[in-house]
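K.L.:
Those protein sequence lines, which keep their order, are chains A and B. Residues in the first sequence are numbered consecutively from 0, following numbering that gives the first Met the number 0. Residues in the second sequence are numbered consecutively from 0, following numbering that gives the first Met the number 0.
Hints were generated in silico from the structure; no laboratory data involved. Just to be clear, a hint being listed does not mean it is correct.
To be verified - Computed beta-carbon distance windows for the label pairs:
id: 1; chain 1: A; residue 1: V33; chain 2: B; residue 2: E207; range: 22 to 30 Å
id: 2; chain 1: B; residue 1: S218; chain 2: A; residue 2: F16; range: 24 to 32 Å
id: 3; chain 1: A; residue 1: A82; chain 2: B; residue 2: E207; range: 20 to 28 Å
id: 4; chain 1: A; residue 1: T74; chain 2: B; residue 2: R48; range: 27 to 35 Å
id: 5; chain 1: A; residue 1: D72; chain 2: B; residue 2: E19; range: 40 to 48 Å
id: 6; chain 1: B; residue 1: N208; chain 2: A; residue 2: V33; range: 16 to 24 Å
id: 7; chain 1: B; residue 1: A190; chain 2: A; residue 2: G54; range: 30 to 38 Å
id: 8; chain 1: B; residue 1: G188; chain 2: A; residue 2: P81; range: 27 to 35 Å
id: 9; chain 1: A; residue 1: F16; chain 2: B; residue 2: E69; range: 23 to 31 Å
id: 10; chain 1: A; residue 1: M0; chain 2: B; residue 2: R192; range: 16 to 24 Å
id: 11; chain 1: A; residue 1: V33; chain 2: B; residue 2: S218; range: 19 to 27 Å
id: 12; chain 1: B; residue 1: N208; chain 2: A; residue 2: C70; range: 36 to 44 Å
id: 13; chain 1: B; residue 1: W186; chain 2: A; residue 2: P81; range: 43 to 51 Å
These figures come from a predicted structure and were not determined experimentally. Beta carbons: idealized from backbone N, C-alpha and C, even for Gly.
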Amino acid sequence: MEPLDGNAVAGELAEVFGTEMTTFTATCGSCGQVGPLAEVAVYDMEMGIVIRCRGCTALLVVITRLRGMSCVDLTGLAALEPA
Amino acid sequence: MAGTAVQRRLTWTVATVTGEVRETPSVRTLLLDVPGWAGHRAGQHLDVRLTAEDGYAAERSYSIATAAEEPVSITVERLDDGEVSPFLTDDLQVGEQFEVRGPVGGYFVWEKASGGPLLLLAGGSGIVPLRAILRERSRTGSDAPVRLLYSARSLPDVIYRAELDGYGGLDGVEVTYTLTRHQPPGWTGYARRVDAALLGEVAWPAGENPLAFVCGPTSFVETASQGLVGLGYRPGRVKTERFGGTGGA
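Construct the complete structure from the given sequences, taking the supplied hints into account.
P.N.:
Below is the structure:
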């Protein structure tokens, strides 16, 4: 499965976070790569969204959808800041 | 954070199809009336949700094809194994309705103040947000010079061809096609996938500090964006957007 990028899930991220997120700067907790959330590798699946670092492929964000609820795991991020 | 607009909660609303344009045999533009639309910026997206009678819902994100202030429209390419796109390109009739939310996204966006020179690289239906940017440039009277490189399978697969051919180097917009599978008799243009050498011939020199927007299938975007960085483009000036379509680039 080829990954898309953060642009593809802008709506989902806006719903979860309540604001436009793709311009936010994400810092990978594993390798330290810094870049806009629009550019990260995104796997959009039935069960949710998996976001990985383009530098080292480490997990950055996992959003799991279940019965209309979204569970958000940000532990792979060292930082997530407005641009 | 961009602008001072009040954050509105993103909600689903019912859009009505007010018109259509058959762009190619597999691509259709839908003109939409969206009540309460808050306005969009060139390059933003719209999410579409289709719900079956049994309650099963499928969501997809599509680039908005028009400039800010212009009526909302999306241009959709049919993916033969798709759940959503064949309905949008072939089944949906003018006057019918479906759910949308938006605009969404804020990264792959160009406004007059963003300036140029602009390099737009499109693979297949990746032309859609770049067409919105071209229209926004015209709408706002920007004089930023533009080079558009559009990779398509063949000339009949070129979306918005009449509109793009209308630039023809006038108005500071240069349009270059590369046709990767079929070329018409006598074709003297490019006839291969975008590679570093092709970018070297078409792209603005890095010394002019160009702003690049690259949109297409993942493989196209990776090749093109890495090629630009190889030419000396600053990574922060190369904006990318990947989609899962066939793209044909």
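K.L.:
Run every hint past the structure and note whether it holds.
P.N.:
Okay, the hints, checked on the actual structure:
no. : hint                         : in the structure
1   : A/V33 <-> B/E207: 22 to 30 Å : holds, 26 Å
2   : B/S218 <-> A/F16: 24 to 32 Å : holds, 30 Å
3   : A/A82 <-> B/E207: 20 to 28 Å : holds, 24 Å
4   : A/T74 <-> B/R48: 27 to 35 Å  : holds, 30 Å
5   : A/D72 <-> B/E19: 40 to 48 Å  : holds, 42 Å
6   : B/N208 <-> A/V33: 16 to 24 Å : holds, 21 Å
7   : B/A190 <-> A/G54: 30 to 38 Å : holds, 35 Å
8   : B/G188 <-> A/P81: 27 to 35 Å : violated, 43 Å
9   : A/F16 <-> B/E69: 23 to 31 Å  : holds, 28 Å
10  : A/M0 <-> B/R192: 16 to 24 Å  : holds, 22 Å
11  : A/V33 <-> B/S218: 19 to 27 Å : holds, 25 Å
12  : B/N208 <-> A/C70: 36 to 44 Å : holds, 43 Å
13  : B/W186 <-> A/P81: 43 to 51 Å : holds, 48 Å
Of the hints listed earlier, the one the structure fails to meet is number 8.
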